[in-house]
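Participant: Sequence:
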Amino acid sequence: MFASFSRYQPQLLSALRIVAALMFIQHGTQKIFGFPAAARGPFEIASQMGIGGVIELVGGALLLIGLFTRPVAFVLSGMMAVAYFQFHVANGGVYPLVNGGELAALYCWVFLYIVAAGPGAWAVDTLRGKRG
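Heads up: the sequence shown begins at 1 in my numbering, then just goes up one per residue.
Note that these hints are calculated values from the structure, not bench results.
No residue lacks a Cβ here, since even glycine has one placed at the ideal position from N, Cα and C.
Be aware that a few hints might be false.
Said to hold, decoys possible - Computed beta-carbon distance windows for the label pairs: (1) F2 to A46: 47 to 53 Å; (2) S47 to G100: 28 to 34 Å; (3) Y113 to G93: 21 to 27 Å; (4) L97 to V54: 25 to 31 Å; (5) Y95 to V124: 36 to 42 Å.
Produce the complete structure using the sequences and hints provided.
Facilitator: Here you go:
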């Protein structure tokens, strides 16, 4: 029964990429615009959080439309690995449930999967004949 879902793999991969990007963009808009939730502090472009917000917004938007998918996903995966170890492990130990790093760890692995799997059926890269 479930094997029949495999024919939808390219579309489901795109859906995963799009949903992950939409959720990820919110972290950038929160840091930069204070939306949809209040920012944790003032936006300072020259700070690590400011640069992170820009990468989240721009990288998330590129991932959303599926443009330069593999290199963007690689950068975002690395960013989330750094975030996990720098902010979560350093402040609360190695277990994601304890240190609050579930999202960072999950984003890291989802983006790494997208690096390997590509953009899926619904992507600008696919329309351009690129593999991401």
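Participant: Confirm or reject each hint.
Facilitator: We went through each hint and held it up to the structure:
no.	hint	verdict
1	F2 to A46: 47 to 53 Å	holds, 50 Å
2	S47 to G100: 28 to 34 Å	violated, 20 Å
3	Y113 to G93: 21 to 27 Å	holds, 26 Å
4	L97 to V54: 25 to 31 Å	holds, 29 Å
5	Y95 to V124: 36 to 42 Å	holds, 38 Å
The earlier numbered hint that this structure contradicts is number 2, and it is the only one.
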